[in-house]
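**Q** One-letter residues, chain by chain:
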Amino acid sequence: MKTLFDKVWDAHVVAEREDGASLLWVDRHFVHEGSHHAFRKLADRGLPVAEPNLTFGVADHYVPTRGRGTLDLAGPVGRMVQGLSDNTKTHGIRCFGLDDPRQGIVHVVGPELGLTLPGLTVNCGDSHTSTHGAFGALAFGIGATEVAHVLATQAIWQSRPKTMRLTIEGQLAPHVTAKDVALTWIAKLGADGARGHAVEYAGSAIRALSMEGRLTLCNLSIEGGARCGMVAPDDTTFAYLAGRPFAPTGPDWDEALAHWRTLATDDGATFDREVTIDAAAIAPVVTWGTSPEDALPVTGHVPEAGGDGLADTLAYMGLSPGQPLTDIAIDQVFIGSCTNARLEDLRAAAKVLAGRRAKVPGLVSPGSTAVKRAAEAEGLDRIFVSAGLTWVDAGCSMCVGMNGDTVESGKRCASTTNRNFRGRQGKGARTHLMSPAMVAAAAVAGHLTDVAPYLEGRD
Amino acid sequence: MAGISRVKGVAVALAMDNIDTDQLIPARFMSAPRSAGYGGFLLHDLRRTDDGALDPAFPLNTPAADGAKILVAGRNFGSGSSREAAVYALVDAGIRAVVAESFGDIFRGNAVNNGLIPAEVERVAPLLGTLTTPGAATLDIATRSLTVGTVRTAFALSDVFAKKLRNGWDDIDLTLGRLDAIAAFRRARHEGARWAFPNHNESGPNAAQPEGHS
Numbered sequence: 014m015k016t017l018f019d020k021v022w023d024a025h026v027v028a029e030r031e032d033g034a035s036l037l038w039v040d041r042h043f044v045h046e047g048s049h050h051a052f053r054k055l056a057d058r059g060l061p062v063a064e065p066n067l068t069f070g071v072a073d074h075y076v077p078t079r080g081r082g083t084l085d086l087a088g089p090v091g092r093m094v095q096g097l098s099d100n101t102k103t104h105g106i107r108c109f110g111l112d113d114p115r116q117g118i119v120h121v122v123g124p125e126l127g128l129t130l131p132g133l134t135v136n137c138g139d140s141h142t143s144t145h146g147a148f149g150a151l152a153f154g155i156g157a158t159e160v161a162h163v164l165a166t167q168a169i170w171q172s173r174p175k176t177m178r179l180t181i182e183g184q185l186a187p188h189v190t191a192k193d194v195a196l197t198w199i200a201k202l203g204a205d206g207a208r209g210h211a212v213e214y215a216g217s218a219i220r221a222l223s224m225e226g227r228l229t230l231c232n233l234s235i236e237g238g239a240r241c242g243m244v245a246p247d248d249t250t251f252a253y254l255a256g257r258p259f260a261p262t263g264p265d266w267d268e269a270l271a272h273w274r275t276l277a278t279d280d281g282a283t284f285d286r287e288v289t290i291d292a293a294a295i296a297p298v299v300t301w302g303t304s305p306e307d308a309l310p311v312t313g314h315v316p317e318a319g320g321d322g323l324a325d326t327l328a329y330m331g332l333s334p335g336q337p338l339t340d341i342a343i344d345q346v347f348i349g350s351c352t353n354a355r356l357e358d359l360r361a362a363a364k365v366l367a368g369r370r371a372k373v374p375g376l377v378s379p380g381s382t383a384v385k386r387a388a389e390a391e392g393l394d395r396i397f398v399s400a401g402l403t404w405v406d407a408g409c410s411m412c413v414g415m416n417g418d419t420v421e422s423g424k425r426c427a428s429t430t431n432r433n434f435r436g437r438q439g440k441g442a443r444t445h446l447m448s449p450a451m452v453a454a455a456a457v458a459g460h461l462t463d464v465a466p467y468l469e470g471r472d
Numbered sequence: 008m009a010g011i012s013r014v015k016g017v018a019v020a021l022a023m024d025n026i027d028t029d030q031l032i033p034a035r036f037m038s039a040p041r042s043a044g045y046g047g048f049l050l051h052d053l054r055r056t057d058d059g060a061l062d063p064a065f066p067l068n069t070p071a072a073d074g075a076k077i078l079v080a081g082r083n084f085g086s087g088s089s090r091e092a093a094v095y096a097l098v099d100a101g102i103r104a105v106v107a108e109s110f111g112d113i114f115r116g117n118a119v120n121n122g123l124i125p126a127e128v129e130r131v132a133p134l135l136g137t138l139t140t141p142g143a144a145t146l147d148i149a150t151r152s153l154t155v156g157t158v159r160t161a162f163a164l165s166d167v168f169a170k171k172l173r174n175g176w177d178d179i180d181l182t183l184g185r186l187d188a189i190a191a192f193r194r195a196r197h198e199g200a201r202w203a204f205p206n207h208n209e210s211g212p213n214a215a216q217p218e219g220h221s
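So the sequences go chain by chain: A and B. For the first sequence, the residue numbers in this note's numbering are 14 to 472. For the second sequence, the residue numbers in this note's numbering are 8 to 221.
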């Protein structure tokens, strides 16, 4: 009787130490511009990359989303992008760089290229590597020392985490998305609620999610403190992967499929912790504070009593205790990031914005260049532009505040991203997290609002 | 890296939960090479006023905090991004141990990889109560005990991390001794699960398919 996590973990153990640490084989390793510390460590030791063919470079964190043709490669941002090109070239690693049609955010690109597969171990020097668990992969973010270790050995030392099953049973209400599911469980358990655990998402509401929805859900696992998040692969997963450029083909595909069908958690397997949430009880959610756990249904109010830090948080956010959340006026919106910038997300936002004008400015940055092309092919870009938003290139953009896209100090942004930390979107920026449709509704209203009235007659 | 088993020095309280990695080091500083020194970036936007000057009211900026080696904070310290730069900022500023009620998992691993002790305590309130101003503290890995002023408390640290910190182990050095086992594993995986190796002959330069088009 094994869990999905157990099966994938056990299949990757190269060696075990007496103290309990395991050396795991790494099937896929993604690097990005921020991996420069790790490449430096490798260079300092004169070590080669052990498995260039299992390593992929993706330019995302620092890439500008506008004016790429004129990027100064010696400037502060260009230097980082060029550094990735140089490092990957030196080591013979395939890189999806600035001008590559496959460029995009690593956690969008890996899945859409078929590099991420069920039953694999996936590492990247980025905490949102948990995203790839949507395929039933064991995927987790690592720091620079570990990135250097994986580059040098294609393996990683880990202590086996505990397991936790988060079951969402029932049917989600209309307009309730994977983002709302994620923020709801994080608000319930806390931003450290799943620390030390590998989370498996299960239940009928999860089975009903598209791959895009599962990716959003697993992406946010880290915001609840989980080491990783996983969904058992099923026909939704297999249909998504079939024909992807790097996915197995022919007999390899058949063999893979047969294996993938055995990965689901066995009946009777036990978890260290079980949490169940009623899908029907989940509402469209927004965050009001500076941690993803500060999330409430949009019909709620800013808390009046909380821990010691509440006054401080509300001062930073410029909010008053007891204020209705729908009274919070916004200055701008952002639709993008590894959390919510896939085609399904852009469609959801466009559905609200079609034929309407946003009251505030905003940026729409698709998750990848391929998503951008697909969105343009179906006219989504024109909907965003007609609404008054700015349609730009793919990258981490305004989620991470290191590529030129930032929110100014004191400004308030309704955002599809993953972190509302102080200063995350720029020094002094105030971030409210929510789903793409909710961001679009906020753009039209000029304040936080329930998306439902904006979708009447549009289903 | 030199091993570390005991820290004795000034402890400073940061009575806040959720001190995330974006607080420990804002993203805009992370393109700097480590050799430039990361200490000046530590908690940059929390401890400095808008003009970049140190805020004298911030606990870490008080004269009594000079040379501090231990930080004591609330729940969920180091949550958020995998940026090891958050640990570099602490280490380069002279911090050798962080005491908190819980840690972000990735941060904790990064800390240990850089000789910084992440000590998890059940309740931080008594320690914060003692540290209304920075004070002397001692932390010992072998006994998992922490003494701040007159308050003595136990902390949790896994055996794997404790051993690594005390020995100053570098994982790459250790693993290079196991390359044969890794190579054997690779051969077996390639034989048993060829599908797990990427098909580098993907169909053409524009083969990327956006999601939703499968």
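It is possible that some hints are incorrect.
DEER-style ranges, computed between Cβ atoms [stated by the list, open to error]: (1) B/T56 to A/G470: 30 to 38 Å; (2) B/S152 to A/S333: 39 to 47 Å; (3) B/D58 to A/S333: 51 to 59 Å; (4) B/G46 to A/G80: 29 to 37 Å.
DSSO-like mimics (lysine-lysine), calculated; alpha carbons at most 27 Å apart, straight line [what the hints assert, rightly or not]: (5) A/K175 to B/K15; (6) A/K175 to A/K102; (7) B/K15 to B/K76; (8) A/K15 to B/K76; (9) A/K424 to A/K440; (10) A/K15 to A/K175; (11) B/K15 to B/K170; (12) A/K372 to A/K440; (13) B/K170 to A/K54.
Read the hints as simulated data drawn from the structure, not as lab findings. Predicted model only: the values in this text are computed from it and were never measured. Glycine residues also receive a C-beta, built at the ideal position from the N, C-alpha and C atoms.
**Q** Confirm or reject each hint.
**A** Now the hints, each set against the structure:
Checked against the given bound of 30 to 38 Å, the beta carbons of B/T56 and A/G470, roughly 51 Å apart, lie outside it. A beta carbon spacing of about 44 Å between B/S152 and A/S333 agrees with the range 39 to 47 Å that was offered as a hint. Taking 51 to 59 Å as the suggested C-beta distance range, the pair B/D58 and A/S333 does not conform, at roughly 28 Å. Taking the beta carbon of each, B/G46 and A/G80 are about 34 Å apart, inside 29 to 37 Å as hinted.
Distance check on the hinted pair: A/K175 and B/K15 sit about 33 Å apart at the alpha-carbon level, beyond 27 Å; violated. Only pairs whose Cα atoms come within 27 Å are accepted, and A/K175 paired with A/K102 is rejected, the gap being roughly 39 Å. For the hint linking B/K15 to B/K76, the alpha-carbon distance of about 8 Å falls within 27 Å, and the restraint holds. Proposed proximity of A/K15 and B/K76 is contradicted: the alpha carbons are some 44 Å apart, above 27 Å.
For the hint pairing A/K424 with A/K440, the CA-to-CA distance comes to about 10 Å; that is within 27 Å, so the pair holds. Only pairs whose Cα atoms come within 27 Å are accepted, and A/K15 paired with A/K175 is accepted, the gap being roughly 13 Å. Taking the CA atoms of B/K15 and B/K170, the gap is about 19 Å. The hint holds against a cut of 27 Å. Taken as a hint, the A/K372 and A/K440 pair is honoured in the structure, with Cα atoms around 24 Å apart against an allowance of 27 Å.
Of the pairs offered as hints, the one joining B/K170 and A/K54 holds, with about 23 Å between alpha carbons and a cut-off of 27 Å not exceeded.
Comparing the model with each numbered hint stated earlier shows that hints 1, 3, 5, 6 and 8 do not hold.
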